[in-house]
Structures are given as C-alpha cells and as structure tokens.
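We have chain A; now place chain B onto it with these hints.
Line by line, the protein sequences are chains A and B.
Our numbering applies: residue 1 is where the first sequence begins, and numbers increase by one.
Our numbering applies: residue 1 is where the second sequence begins, and numbers increase by one.
Bear in mind the hints are in silico, worked out from the structure with no lab data behind them.
Glycine included, every Cβ here is placed at the ideal spot set by N, Cα and C.
Treat the hints loosely; a few may be bogus.
Stated by the list, open to error - Rough simulated footprint, nothing fancy, chain A against chain B, three-plus residues with beta-carbon under 8 Å:
#1 16-24
#2 41-55
#3 68-74
To be verified - Computed far set for chain A versus chain B, every beta-carbon distance over 12 Å:
#4 M115
#5 S117
#6 R135
#7 G145
#8 P153
#9 K157
#10 G223
#11 T267
#12 T290
#13 L330
#14 R332
#15 V358
#16 D359
#17 P392
#18 A397
Claimed, not checked - Some chain A residues near chain B, calculated using beta-carbon distances under 10 Å:
#19 W243
#20 P256
#21 T258
#22 F304
#23 S312
#24 L313
#25 E314
#26 T346
#27 P347
#28 D348
#29 F403
#30 E405
#31 G406
#32 L408
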Amino acid sequence: MMTKPSRYSAFSLLRHGIGHSGWPRAWRSHPLKPSYDVVIIGGGVHGLAAAYYLAVNHGIRDVAVLDKSYLGSGGSGRNTAILRSNYLTPEGVRFYDRSMRLYRHLASDLNFNVMFSRRGHLTLAHNDGSLRTMRWRAEVNKLQGVDSEVIGPGEIKKLVPHLDTSAGARYPILGALYHPPGGIIRHDAVVWGYARAADANGVHLHQDTEVTGIETRDGRVTGVRTTRGDISTPAVLNCTAGWSTLISDMAGVDLPVTTSPLQAAVTEPVRPFLDAVVVSGTLHVYVSQTDRGELVFGASVDPFTSYSMRGSLEFAEGLAGHVLELMPALSRMRLLRQWAGLCDMTPDFSPIMGPTPVDGFYVDVGWGTYGFKAGPVSGEAMADCIAHQRPPEIISAFGLDRFTEGRLVGEKGAAAVGH
Amino acid sequence: MIQLPCPWCGPRNASEFAHRGEVVPRPDVATASITEWRRYLYFRRNALGWVTETWYHAAGCRRFFTVERNTQTNEARLAPRPEPEPAPRSEDAR
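For reference, chain A alone in the conformation it holds in the complex (with noise of 0.2 Å):
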C-alpha cells in the first residue's frame, strides 16, 4: 500500500516535469477487504462517480469499485466525449443540464485537467418533421433555463463554413438546434479524475476484478462473489453498461435492457477547422474535432443485439458516405482507426436508476448511447440514493418499476442518435 497521492499544483508539474521523475501514482491498490458497507460493480464514470459523491457528499468511505478489466475500459474509454443537456422531456433536460454544471467545475473538484471545451453543439434538421421536434426541443429547453434555439442555413454556415449547406444536397439543412453550451471533453480524464479523487477519500479500487455471483438472502443482498475472494455487504450498486444484465441476472432481477455495439471512427490530425459538434440524426451521424486535432465520428447502434465488439467494414464505408455528404471537402482524410462499445438500450431510450425487488441492489443502466455525459449527476443521484434507501427527486421518473406500471419516459427523439 502507498501512501495517498498529493495535490497536483504548477509547483508539483513543474518539480516532477524537470527531469521526469518521481510521478506519483494517481491512486493506489489495496488488499480486498472481505466486507465493505458499499460494493460497485463497474469502474467507469458513473461507478467512480458514485463512490467518490458517497465518500464527498455522505461520508460513505468503505466503498469498492470492482472491474473485470481496467478502469475507463468501457463505454466511459469509448463514447465521442460529446456534452450536451438539450434534451426533449423536461425530466430528461433537468437531469442532463445538473450533469454539465457539474462537468463546468469538475476540474478544480477533483483537482485532474478533464480538458472540458465549450465549443457549440449543432443538430441538424433535414426534413419539415425533424425541424419540428426541434423547435419543441428549444422550447422545453428555454422553459428549464437551458441555452438553446433554432437557426437557419445562414447562421448554420457561419459556425460551419465546411457544411454543405445548399439546397441541392442530397439530403438539405433546413435548420439546425444551435445549444451553445455544448462541447466536448477528455473522457479519460474524467475517469482518473473520479478515480484519483475517490481514492483520495478512502474509496478502494479494484482492478481485474470480476464479479461471478451475487449472493442474497430473504429478498436483500448480503455479499459479491469475485474472482479475487468473497465480499460481503449489504449495498451493491450495478453500473456495467452494456454486461448489466448479466450482473442483475446473478442478483435475480430482471431488466427491459437488451446490448448492441456502437461503432466510432477516428482520423488522421488536422490543423483545427471545426469548432462546433455537428450531429445530424437523419443521416446517423456526429462529428467533433479533439483539442488534438483528429474528427471524431459517431454513429448510431448497430441494427441487431450483440456482445461483440468487433468493428465492420461496412460501418466505416457507410459513416464516410454520411459525412461526406455533410462535408465534402473531408473526401481526401484518412481513417485512423475505429472501435465498438456496448450499449445497454432500453424501450425508451431512457435510464433505469434506483432500487429494484431485491433490497440493497441498485441499478444505474440502461444509458444506452449517451451514458458518459450523465456521469456526474448519475453518480451523484445514486450515492444520494443509496445514502437515504430512496431515490431523490431528480431521478424519480427513471425507476425499474416504471416498465411494470406503464409509464415510460418519451425520449426517443432526442436520445436514439443525437449526440
């Protein structure tokens, strides 16, 4: 065991970048203890999220964050970093709009660059139905307080000289919903960022550590099986994406969650010529380009349920066609590489979070395509909700008992592609 790491400062990068050496470790490696009063499955965001707002805002510190594989190595390594709170249900725009106040300051919070960027995010409308929606979006948007309004071609092509925006295109930009407080951010970062802050309070990391049962007993959880040695705990909190039905089916509950990859590409680097995140629906698309200069592109899930996270070639052929119709002065860029992630979709496109039939097991899944941008406030809901045996305010339209009671949450137009 080590010792806690210090605080990064200019006076620490400049001691430790002189000569490179004595980097401290970000966070430590512990022994697994055989109880803990709080035991996470999944070391991405939203679980890294949860335990650092349980040891910061409940004082909840004998807490584990469990991982089959290395810390980030999820969704939270392989989503397109997109920030956005824009959404259609004002449920949905309040929720996503505390997780960017909380991104705004999360650098001096967990005292880690999470490199957030405030660049401008762009949905396009092709087609008179989409800009409808749109307008709706803006409304319920500037009702919740929400920076967000529709604009033309016009303004569209200012913020992006390089959008074919005539109307000849194949596919024309009528409008787009223009929410400047959109932007992009270092995924890593925000993962070691939660990681090291959670460490520093006493949270223990355990990498390489993989669940393989859940034991219960009368209706409540009473301990973790894992490859490394039995825990026992009464609190366990699934946060695995697209493996958490596979969790919950060890804990005997089921969920309305079914898992498909999403594919993502990269380029080569490019001096910086696109400023604001251009996302269209119509053609299943995103593009953003990184403080590196590479475009990110994005797209919607693959068509059919899957486990595997091999890329096709026909995804990279199909993106390129719907970029370039976009933006056609890309056709000379070249592919860097692309990859998959797992998505845990649910029938309406909506989060599952809070208890469920099993007392002490809570869930945050089903975040389906756009999970790493709820991070924050995910985290903070379920530490809260775990804290108080009950979920908070904010989280409540989300329950598992909402498929059993018939009242789903409607955000399909807002939450199926766009990012």
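Below, chain B without anything else, positioned relative to chain A:
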C-alpha cells in the same frame, strides 16, 4: 460483414435483414394480466451466447425465419424449426 442463413435464399449479408429479437412465447391476449403483457413487451433475457431469434429478410424474400446466433461472436446457424413464432412487436426494427 456477418452473414445469416436464410432458409429460402441461402446465406446473405446481415444488412439485408431486420432483427426482430429473441423468440419469446406471446401471452394469450384474452387471458394475460397487464403485468404479464408488459413483461412480454419490455423485458428481455439479453443472453450472452447462443440465442434463438426471429429475423426478417427485408431486402430479399421478405419472410420471417428463425436462426440460432451466438451474441458473443455473431456466428449464426439455421434453427432446427424454420417456421417462426409470431415476432415480438415492441422491438424497434429500424
């Protein structure tokens, strides 16, 4: 690209097909309780490994059929019984 064995057209690229989901027995509409019906509509096994599924050959013979597919590797083989159960309707067959 992965291929699926259509019983009428032979092996074809997956992009010709629409996925309808795992074969699940449909409750009797006349007698099912609302809870049973909602479970049928929304809840899925989402198994890792071999599952028996209904697919629709949308860009081919336009017929439903049943395959066994491994959700870990996407390897697919024709299920022993080619006649499908009625397809679940809640799945979004985009």
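Agreement of hint E314 of chain A with chain B interface, Cβ distance less than 10 Å: Hint on E314 of chain A: holds, closest Cβ of chain B at ~5 Å, below 10 Å.
Chain B versus T290 of chain A - minimum CB to CB distance exceeding 12 Å, so not interface: holds, 29 Å
Supplied contact hint for P256 of chain A, tested at 10 Å Cβ to chain B: The hint holds - P256 of chain A has a Cβ within 10 Å of chain B, the shortest such distance being about 4 Å.
Closest C-beta approach of S312 of chain A to chain B relative to 10 Å, hint status: holds, 6 Å
Outside-interface status for G223 of chain A - nearest CB in chain B farther than 12 Å: Label holds. Min Cβ-Cβ 23 Å, cutoff 12 Å.
Interface-negative label, V358 of chain A against chain B, beta-carbon threshold 12 Å: V358 of chain A clear of chain B: closest Cβ-Cβ about 16 Å, beyond 12 Å.
Status of the D348 of chain A interface restraint (C-beta, 10 Å, chain B): holds, 9 Å
Interface hint compliance - L313 of chain A to chain B, C-beta minimum distance less than 10 Å: Nearest chain B Cβ about 7 Å off; hint holds.
Hinted contact W243 of chain A with chain B - closest CB pair below 10 Å: holds, 8 Å
No chain B beta carbon within 12 Å of R332 of chain A's: holds, 26 Å
Chain A over the region 68-74 of chain B, status - at least 3 residues with CB closer than 8 Å: Coverage by chain A holds here, the residue count being 4 at a Cβ distance below 8 Å.
Proposed interface contact between F304 of chain A and chain B, which counts if any beta carbon pair is under 10 Å: The hint holds - F304 of chain A has a Cβ within 10 Å of chain B, the shortest such distance being about 4 Å.
This entry satisfies every hint, going by the numbered hints stated previously.
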